[in-house]
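Working from the sequences, and respecting the hints, build out all of it.
Protein chains: 6
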Amino acid sequence: MIEYLNRLGVVLTEPPRASADSVAELAKYGVATIHEAMGRVGLMQPYMRPIYADATLAGAAVTVLAQPGDNWMLHVAVEQLREGDVLVVACTTECVDGMFGDLLATSLRARGARGLVIDAGVRDVATLTEMRFPVFAKAINAKGTVKATLGSVNVPVICAGALVTPGDAVIADSDGVVVVPRETVASVIEKCKAREANETSKRARLAAGELGLDMYNMRPALKAAGLTYIAAGEKANKDER
Amino acid sequence: MIEYLNRLGVVLTEPPRASADSVAELAKYGVATIHEAMGRVGLMQPYMRPIYADATLAGAAVTVLAQPGDNWMLHVAVEQLREGDVLVVACTTECVDGMFGDLLATSLRARGARGLVIDAGVRDVATLTEMRFPVFAKAINAKGTVKATLGSVNVPVICAGALVTPGDAVIADSDGVVVVPRETVASVIEKCKAREANETSKRARLAAGELGLDMYNMRPALKAAGLTYIAAGEKANKDER
Amino acid sequence: MIEYLNRLGVVLTEPPRASADSVAELAKYGVATIHEAMGRVGLMQPYMRPIYADATLAGAAVTVLAQPGDNWMLHVAVEQLREGDVLVVACTTECVDGMFGDLLATSLRARGARGLVIDAGVRDVATLTEMRFPVFAKAINAKGTVKATLGSVNVPVICAGALVTPGDAVIADSDGVVVVPRETVASVIEKCKAREANETSKRARLAAGELGLDMYNMRPALKAAGLTYIAAGEKANKDER
Amino acid sequence: MIEYLNRLGVVLTEPPRASADSVAELAKYGVATIHEAMGRVGLMQPYMRPIYADATLAGAAVTVLAQPGDNWMLHVAVEQLREGDVLVVACTTECVDGMFGDLLATSLRARGARGLVIDAGVRDVATLTEMRFPVFAKAINAKGTVKATLGSVNVPVICAGALVTPGDAVIADSDGVVVVPRETVASVIEKCKAREANETSKRARLAAGELGLDMYNMRPALKAAGLTYIAAGEKANKDER
Amino acid sequence: MIEYLNRLGVVLTEPPRASADSVAELAKYGVATIHEAMGRVGLMQPYMRPIYADATLAGAAVTVLAQPGDNWMLHVAVEQLREGDVLVVACTTECVDGMFGDLLATSLRARGARGLVIDAGVRDVATLTEMRFPVFAKAINAKGTVKATLGSVNVPVICAGALVTPGDAVIADSDGVVVVPRETVASVIEKCKAREANETSKRARLAAGELGLDMYNMRPALKAAGLTYIAAGEKANKDER
Amino acid sequence: MIEYLNRLGVVLTEPPRASADSVAELAKYGVATIHEAMGRVGLMQPYMRPIYADATLAGAAVTVLAQPGDNWMLHVAVEQLREGDVLVVACTTECVDGMFGDLLATSLRARGARGLVIDAGVRDVATLTEMRFPVFAKAINAKGTVKATLGSVNVPVICAGALVTPGDAVIADSDGVVVVPRETVASVIEKCKAREANETSKRARLAAGELGLDMYNMRPALKAAGLTYIAAGEKANKDER
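Protein chains in written order, with my numbering: chain A, 1 to 241; chain B, 1 to 241; chain C, 1 to 241; chain D, 1 to 241; chain E, 1 to 241; chain F, 1 to 241.
Hints are computed from structural coordinates only; laboratory data are not their basis. We put the beta carbon where it would ideally sit given N, CA and C, even for glycine. Watch out, some of these pointers could steer you wrong.
[Said to hold, decoys possible] What the simulated footprint calls covered on chain B by chain F, stretch by stretch (three residues with Cβ under 8 angstroms from a Cβ of chain F suffice, anywhere in the stretch; the number is not a length):
1. 62–74
2. 88–99
3. 146–157
Okay, here's the thing in structure tokens:
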């Protein structure tokens, strides 16, 4: 499907989607763990922030490629949304206008969508917060938009530095937004599981006062790299700065 | 009054102000609706953010043109404030110092002012939040300022990209800050009213599942523009990426 | 100790620290007051923000100089932490990766550390917020890091534009982060005390409606500087803009 | 004319313009001097930079208010340009698209326009440089634009933080862009003249080694403010850092 | 090949490349025209700038996915370069360190590479300029890097907001950097050819004073959209601002 | 001397300086090499750029701590300058005003100063360029400043993220600005010498086509780290994307 990247003027209908079950399973691990399980890749840029503190979302991506200052394609995309989807909006150029507000959120919720990820601005954030409609955006901005120029729906897009192909799993929480290609969801879940099992025991040991230096056996490598310990206390007493 | 734009060393006293009633009426519609009613103009830049999540303000502008790192004119402005005013601070150059804190807020509240819009920094934000004193600012910054160089009070200023003439209505909420010229407040209220009536019924229809594509009758224009629907599902099954 | 500034590959052990009592005394005044008492210097840059709204911290600095995308030295630093310390992390270059998460926070808490100041990113912020573990950071970012290259622990560093020498008092609240050199803590406390005594009475007078113009006796200096009052009201009535 | 600020959908024809002679006279002084003569105001923000190192321009403003990603109004504006004008483009929201290229420059030159000031992007900069067509812009960007939505021509606009009314004098050189209201051009020229006369003799005295401290008689004020001289040399010899 | 996007620890050898002839043909049209021919997509973000004013490059992409502060993979990539290639470097996170300098440039030139596009920093720019080695970069920065952690070579990457698959045509000039997928190079050339033929005659007509309004027949659409002409001259004479 | 860091209201006279000979020797190696020799530290942030393309400077630092929008202390500093010095200006807060212009440059040149490094703005850049007076600055900005509030001269300052103690060697070229503490200049020169000898032979080998992979013997470490080579060519032929 990558040959449709950034193609304008098209709507790809009914792309295969990451299954609702697998998305739900993935979402349990959180963005940081998923990103680690993927090999420390797959994140959108960190300027993508939730509009309220504890917003989270997870779903299969329906993508939009929008023109600057123009939210026409978001209306087209609504028809393509299915229960469990997340709307992911990229722009053909940098844009912080408020492309999305409470009317569109009402429409998305009516379609069963789980939230919005938008590399642009949103508005009506007080209402969206009351609705508990999760949005991860670049900006909050009342600036309205026109409906004049074609973009696309469900083509692969680059959103906040990440490639999103329609149907990919998109997970967002207070640590950011991660995109998991549909074909790799199952293997990423396996890696998350392994990683988390590992972390639980570590957390307990660290809480009990064990040092990471010992738990991870870092001392030999640090010594080999030449790390040197110097008693600062004595020194400092001599040369009060 | 525009000939006083950026004029230094003057205080214009008792400018005519948007009436308290009209400001209150305007404020009911919120920033996004007001901005739309004005024809999608009149907003300050979106970096102007509230210091606590649900801060809102509305009032007639008393303006300050301040020098960088210098809040002398804010003290001069306090005397010009009347019940229902909002203090709007612009600088002669980019500045993020903390020009305003809890002492000034105490003074503003004693004068009946409704809040602060400042294209610079503020501090004592924990106390301001406890006081529920609404501030929309460019930055939060403990950096203090001097009182050494003249600016002006109640001259027209450019604040965060918007012209503010003393007496204009200034409305701010979680979507941003909008400035309505005093002479146009009545007509903007009329347009807000029309717009909101319109939105209530739309919201209900969208919530019931009607598509914006149909409600706004967008399909003919999209077709005329050449929008093409392609079945992605079949395609994707053939060329697993 | 300044000759160790930015020195790589070393751990200075047991630097003299600002005493817990003096740090606690300082912290009562808050960042804005401390910064004023120091002569309006000592602040980190205002991009350093708390990860939850009411986070505050105070302690003696244990410093880290980290390489970009590499949190190895944070693990080394944990061993150097004592009850009442604050971990302060600077990087050898600009970096917004998520160098610190809930496992490290667990470890810091086990050592009695009071929080983290990091000129880079953090992650697991939902968990850190639940733990009420205070962090002041440049970014929130799920991006993980490696453990491959030596930096240093407890050398003087430049963190967000401020020099931090190990053992300095570091205080942070919603107004920002301030660094008080260990040797000057006592004198800064004295100045804070004087300043605050002064402010309490001022606040009461301002709340009662007295003007700063009068309370600070600003009118003569304003007049000398040439400030001119012009009746705007009359003017505006003539030339409706 | 200020009541037309940001008004959409209109073209104001034949606004009165600063005279060609007065603009030429002003331009001799350069942006820094003009800005000082105005009382240190009137500058656009410093992100407005020339596309080639020695570009300068001066003329009477024909203004455009453009929609994001849309250069339709620039074509409308061409017809309004007269010999000696400068085209000044503001946008209704932040935009860095390349709204202007060599075809429009060809058209502007054919109309006798002296250059472009644009709070957005430009492209074809190699050709523009060859043409020696001066442009001051926010960005260089190949991104093209549509022609779909009305803005305005010759309404007052806010461009890069400065109010520009059609017919104002606009002067730009390597120090930035300054806007002189049409009605004040004559008085600003007088102040520039006085200032420059003053500077020539100062330059000679400074070149001869006289100190500004003495020439401006700063020593008494510095002493009154409490400036203290301390012999660092002796100190440093004792406490080698 | 898209399944290798962001895959770490691999080198894909000998990817099919856009042919040298087709790249040369494309390059004649320049970045702005190519971007238009692609439907106004395919550009990297405009922060990618040449290190000297008239730098241009064109070639088939050999890609690098580098870790922050680590240029190890650039050395691995050199071996994969063939005559006519361009090295394209993306990072796993934001990074502005100087990953590339004159030694690597010497090596690239020895391999026949045509230049560098890097979403990070470069250094030794005086020497690179003397060598006339074209580089398009995010930053100029002396900061050096380590060689410690694996990234990849010749996997698809996202560089400055654009997807680059190994072998794609990459063209850069003073207007920016554009990426043309290998499979579409021939069709993009055809569209460039059509566009340019069209522009030559337009340029002549505009130079002769014809208005774009007439040449593009814009007047009917502007009228239909409601554009209104108002005589400003008369108005302004009455209400001198 | 570090106890004077950020101390306000003082001028430290005649600090010991890095010798002219040692500064000249250092400067031969260039910023990138010096920074490497120091262990990859000591750089100012990369936003510090020369005002003309081939500007370079080297000298012993005379420092200024300036207040925002106020260049009073620069005039005080002129008197402290000696032949071979470089003026280094830091501000107590972020500032981009044009604090320095051709009059001050004339004065600096009359004192024998070698240039300016300023974490703020400069103006009169056309004249400074004609004078070949090297300046490294954060911004070019015509905005003028006042002379109202005390800062300091020759106290240690943090300039663009680097600690500068009066008398330190400061070297700047097109790669950036590096600060070498006075006490370490001799040892840094030795390391530069070793590094450069090393680089000359490397450059020749790379120019002759030898790979860095072999010259630096990287293959074993890459293999140990798990780098895998995959023939992309064959793969790509099968699955045309």
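For the segment 146–157 of chain B, does the count of residues with a C-beta closer than 8 angstroms to a C-beta of chain F reach 3? holds (count 3)
Are 3 or more residues of the segment 88–99 of chain B near chain F, judged by a Cβ distance of less than 8 angstroms? Satisfied; 6 residues make the cut.
Check whether three or more residues of the segment 62–74 of chain B sit with their beta carbon closer than 8 angstroms to a beta carbon of chain F. Answer holds; 4 residues pass the 8 angstroms Cβ test.
When held up to the earlier numbered hints, the structure conflicts with none and fits them all.
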